[in-house]
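Read off the chains here:
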Amino acid sequence: MMVAGIAAVSLLFIVAIFAPVIAPYDYREQNIGQRLMPPSSQHILGTDELGRDVFSRMVFGTRISISVGIIAVAIAAFIGILLGAIAGYWGGWVDNVIMRVVDVFLSIPTIYLILTVIAYLGPSIINVMIVIGLTGWTGIARLTRAEVLKTKKMAYIESAKLAGLGKARIILRHILPNSLTPVLVSITFGIAGAIFTEAALSFLGLGVQPPFPSWGNILTSGKDYMHSAWWLIVFPGIAIFIAVFAYNMLGEGLRDYLNPVTRRQDTT
Amino acid sequence: MKPVVEVKNLNVDYRVGKNERVYALRDVSLSISRGESVAIVGESGCGKSTFANSLLKLLPANIDTSGAVIIKGRDVFKLSNKELRNIRGIEAGIIFQEPAASLNPVFTVKEQIEEAIKAHYADMSAAELEETGLGLLNEAGIKGSERVYNSYPHQLSGGQQQRVMIAIALSCDPDILIADEPTTALDVTVQAQIIKLLEKLKKKRKLSLILITHDLHLALELADRVVVMYAGEIVEDAPIRKEKDARHPYTAALFEIIPDLKDKKKRFEVIEGEVPDVRVKKDECYFAGRCRYVRKKCRQAHPEMTEKRSHKFRCYFPL
Amino acid sequence: MKRYILKRLLLIIPVLFGITIITFAIIHITPGSFTAVNMQMDPHASPDSIARLKALYGLDKPAHIQYWEWLKRFARLDFGRSFIDNRPVIDKIGERLPATILLNVCALMVIYFISLITGIYAALKRNRAFDKITTGITFAGYSIPDFWLALLLMMLFGVYLRVLPVSGLVSVGFENMNFWQKTADILWHLILPVSVAAFTGLASLTRYMKSSMVDTLSQLYIKAAYAKGLPEKRIIFVSALKNSLLPVITILGLTLPALIGGSFIFEVIFSWPGMGRLMYSALLTFDYPVVMGGITIAAFLTVLGNFIADIAYAYVDPRIRYK
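Protein chains in written order, with my numbering: chain A, 3 to 270; chain B, 3 to 321; chain C, 196 to 518.
If you are wondering where the hints come from, they were derived from the structure by calculation, not from laboratory data.
Yeah, the Cβ is synthetic: ideal placement off N, Cα and C, and Gly gets one too.
It is possible that part of the hints are untrue.
In silico EDC-like links for lysine to aspartate or glutamate, alpha-carbon gap of 20 Å or less [stated by the list, open to error]:
| # | chain 1 | residue 1 | chain 2 | residue 2 |
| --- | --- | --- | --- | --- |
| 1 | B | Lys74 | B | Asp175 |
| 2 | A | Lys225 | C | Asp341 |
| 3 | C | Lys320 | B | Asp175 |
| 4 | C | Lys202 | A | Asp97 |
| 5 | B | Lys59 | B | Glu148 |
| 6 | C | Lys437 | B | Glu113 |
| 7 | B | Lys120 | B | Asp66 |
| 8 | B | Lys112 | C | Asp512 |
| 9 | B | Lys120 | C | Glu427 |
| 10 | B | Lys198 | B | Glu223 |
| 11 | C | Lys202 | A | Asp105 |
| 12 | B | Lys20 | A | Asp258 |
| 13 | B | Lys208 | B | Asp189 |
Simulated coverage check for chain C against chain B, where a stretch passes if three residues somewhere in it have a Cβ under 8 Å from a Cβ of chain B [claimed, not checked]:
| # | stretch |
| --- | --- |
| 14 | 288-296 |
| 15 | 421-432 |
| 16 | 435-442 |
Derived DEER-like restraints, expressed as beta-carbon distance ranges [unchecked claim]:
| # | chain 1 | residue 1 | chain 2 | residue 2 | range |
| --- | --- | --- | --- | --- | --- |
| 17 | C | Glu264 | A | Ala76 | 36 to 42 Å |
| 18 | C | Val511 | A | Asn98 | 25 to 31 Å |
| 19 | C | Ser362 | A | Ile24 | 34 to 40 Å |
| 20 | A | Asn98 | C | Glu290 | 35 to 41 Å |
Hey, can you work out the whole structure from these sequences and the hints?
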């Protein structure tokens with residue numbers, strides 16, 4: 003499972019990096035005379051309403067989706083790990099406050115929060131990354147906190163304390179490395195989610211704006227031209243599916259791999 | 003007289019991992035008569051729990067079996083699930099090592115006792131069910147049976163929980179009671195109470211008590227006959243009362259390791275060595291590695307069961 | 196049990212306050228403030244009327260007083276008036292809420308119904324064909340973008356096959372139908388949105404139900420139930436199921452925000468006249484009072500839902516109910 007996930011994710015990276023080489027057309031190149039053409043030998047996935055080659059747009063869209071996914075989750079992970087570690091290590095009222103904040107964030111439907119902030123800040127790739135990051139940290143925070151709490155109880159931390167190491171050093175050097183493996187799994191799933199959210203936002207017109215290509219905003223045209231251009235709906239969706247599926251597979255594979263119980267073969 | 007339990011050449015293998023097998027029970031044969039009490043004694047991993055579960059075919063799905071387990075004339079391994087319902091609960095009841103885990107946490111004691119009875123006697127009225135249930139609790143020595151009857155398992159103490167289990171096991175009047183390490187998880191004082199209870203019920207209901215335990219003391223107290231198991235096999239089967247009766251070196255060793263508070267020399271004896279790997283079959287005596295009387299022949303061929311004057315043992319050089 | 200409820204209530208209060216604080220912050224801190232927008236709407240607005248508006252919204256008072264005002268109005272469910280049509284926000288939300296609730300409740304029922312059955316069955320036939328196929332489908336299903344699925348189904352059933360309606364809650368001429376026709380019409384319109392809304396929820400819940408059931412079935416008290424000679428159906432559907440359902444109930448509380456938020460996109464795609472759709476148009480037209488009102492209400496509903504789920508769990512699990 004993990005192998006398949008790694009393979010799929012690597013494929014995505016390759017397409018993203020080598021986009022200019024793979025794509026036959028420039029993603030901006032319009033050709034009104036060729037608009038809304040079904041898949042053909044010239045345009046293997048057809049053209050959109052402005053005559054742009056769908057395949058090329060999708061290939062370049064890979065770059066956007068992957069980068070949004072990774073950066074957004076990086077932001078979320080940074081906030082989440084920071085807050086989670088602080089909450090877990092300090093405990094007491096600091097912990098309580100942070101957990102209440104998490105609760106508040108969790109009770110507001112994420113999409114509403116994202117949409118509102120985007121509506122205020124204006125849609126753009128950067129804003130999408132920021133906003134997904136700002137709303138997606140809660141799960142990671144909780145996980146980090148739980149792991150920190152577990153590790154805190156272990157004996158060797160006590161010995162580090164006795165040796166007089168400063169608090170920050172203890173957290174960074176000793177606690178975090180051990181706590182982070184489940185967080186890694188969470189981050190992988192987070193990327194899948196971020197890709198999904200970006201696609202949804204772009205679809206609604208609140209994410210990546212044309213002429214920049216995103217799988218989501220190709221679907222927007224798809225919706226408008228549902229009656230005549232099925233390829234505008236089918237293909238971008240498959241791309242989103244593959245990307246999300248790839249990261250989900252990777253996440254599952256990682257989880258099984260890192261889980262000592264399922265790793266063992268014999269169970270006497 | 004026909005035996006109530008007859009086990010013939012029972013083999014139980016667990017299929018583990020890709021190609022591995024654990025030979026939990028190897029060619030086990032045993033016979034128990036009506037009213038006779040037998041203790042199955044052995045260390046952890048010797049197969050005694052698997053044996054207990056086999057009696058009522060309570061084994062998991064990843065097993066292979068051969069041989070027969072005949073309860074009151076019917077081979078448990080040849081019965082369908084529906085037919086098994088006529089054995090489980092009716093011919094034999096079973097109690098387990100962890101009373102807290104044996105009771106369903108989301109149902110009351112009342113519901114759990116009554117469903118056991120209703121499963122076999124569908125036409126009892128609610129009042130009759132309750133009366134029978136309370137009676138069973140009283141018989142099991144529970145004080146304040148009404149309160150306990152309407153409680154949830156987590157509200158009871160360990161001793162009470164085990165008594166409830168005993169009540170449930172005996173609710174449909176079986177002739178056989180299988181007790182798999184019934185006191186191991188309980189406090190010492192409670193242990194004594196449960197043992198007394200089992201003794202009383204054994205006499206009163208004329209039960210065949212099949213007691214699984216690692217505690218030789220307990221075995222001697224409650225059973226007419228002791229069956230000693232090692233590495234999935236029966237190594238001795240006889241009405242043993244004291245150390246001198248033992249003929250298999252392992253049984254003798256079991257007696258020796260019982261701590262004797264009076265004898266300052268014999269404080270904590272151990273049996274040197276480890277239990278053999280039950281994932282392999284070897285053609286030698288499985289106890290050879292730890293036996294202090296071991297000789298060359300012991301490692302050359304696997305000994306068969308010998309019987310001398312209703313004393314069975316599996317040894318080339320019995321004591 | 197009472198203490199448990201009380202404790203839970205106490206925990207909710209800070210969260211509710213937190214929600215009001217966040218919504219308050221969003222209104223007043225972000226650049227597009229009330230007066231700026233209003234000015235956009237009405238280029239003839241004189242400095243006088245702007246000053247009056249400021250006073251009306253209390254925008255000239257210090258922050259903590261504004262917050263207090265906000266809380267007071269909040270208690271009266273007064274979220275102001277829509278910038279678009281000047282109607283009270285609470286009215287606009289109120290007339291749209293039922294449609295959203297209808298959609299979500301139906302989806303929830305479908306999800307639970309199918310997931311429970313599939314999950315239980317997969318647990319019973321573990322590692323056999325049914326289980327493996329179901330696991331595969333749910334795993335793939337989990338990765339399918341729901342709005343894409345909506346578009347696909349819409350295209351298939353609405354455009355090409357023309358058997359299902361692709362927009363709205365009711366058909367043209369609804370007012371002239373009798374009760375049964377009305378019900379049928381609504382149900383017909385519900386099919387597509389509910390199917391899509393339920394789809395992604397199914398994946399995770401089926402998995403959860405299956406693992407919960409597998410877990411329960413491995414417990415000693417289930418073996419003991421077999422030992423009692425109980426019929427297998429009873430063991431599975433009574434003894435085991437009740438235990439397996441307990442953790443699933445907690446999930447119920449957690450799926451609520453996902454549903455309330457998630458139905459948003461389906462409402463947009465299917466032109467479903469619900470709160471989500473209202474929020475969407477409000478966002479696009481910068482109708483902030485509606486937006487803030489919508490978020491707050493959604494958040495409160497979520498907290499309420501979680502609370503009820505918590506209480507339900509405590510009620511059903513005797514280990515908590517009778518401490």
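Status of the hints after comparison with the structure:
no.: 1; hint: B:Lys74 <-> B:Asp175; in the structure: holds (14 Å)
no.: 2; hint: A:Lys225 <-> C:Asp341; in the structure: holds (14 Å)
no.: 3; hint: C:Lys320 <-> B:Asp175; in the structure: violated (34 Å)
no.: 4; hint: C:Lys202 <-> A:Asp97; in the structure: holds (18 Å)
no.: 5; hint: B:Lys59 <-> B:Glu148; in the structure: violated (34 Å)
no.: 6; hint: C:Lys437 <-> B:Glu113; in the structure: holds (13 Å)
no.: 7; hint: B:Lys120 <-> B:Asp66; in the structure: violated (33 Å)
no.: 8; hint: B:Lys112 <-> C:Asp512; in the structure: holds (17 Å)
no.: 9; hint: B:Lys120 <-> C:Glu427; in the structure: holds (14 Å)
no.: 10; hint: B:Lys198 <-> B:Glu223; in the structure: holds (10 Å)
no.: 11; hint: C:Lys202 <-> A:Asp105; in the structure: holds (16 Å)
no.: 12; hint: B:Lys20 <-> A:Asp258; in the structure: holds (18 Å)
no.: 13; hint: B:Lys208 <-> B:Asp189; in the structure: violated (27 Å)
no.: 14; hint: 288-296; in the structure: violated (count 0)
no.: 15; hint: 421-432; in the structure: holds (count 8)
no.: 16; hint: 435-442; in the structure: holds (count 3)
no.: 17; hint: C:Glu264 <-> A:Ala76: 36 to 42 Å; in the structure: holds (39 Å)
no.: 18; hint: C:Val511 <-> A:Asn98: 25 to 31 Å; in the structure: holds (28 Å)
no.: 19; hint: C:Ser362 <-> A:Ile24: 34 to 40 Å; in the structure: holds (38 Å)
no.: 20; hint: A:Asn98 <-> C:Glu290: 35 to 41 Å; in the structure: holds (40 Å)
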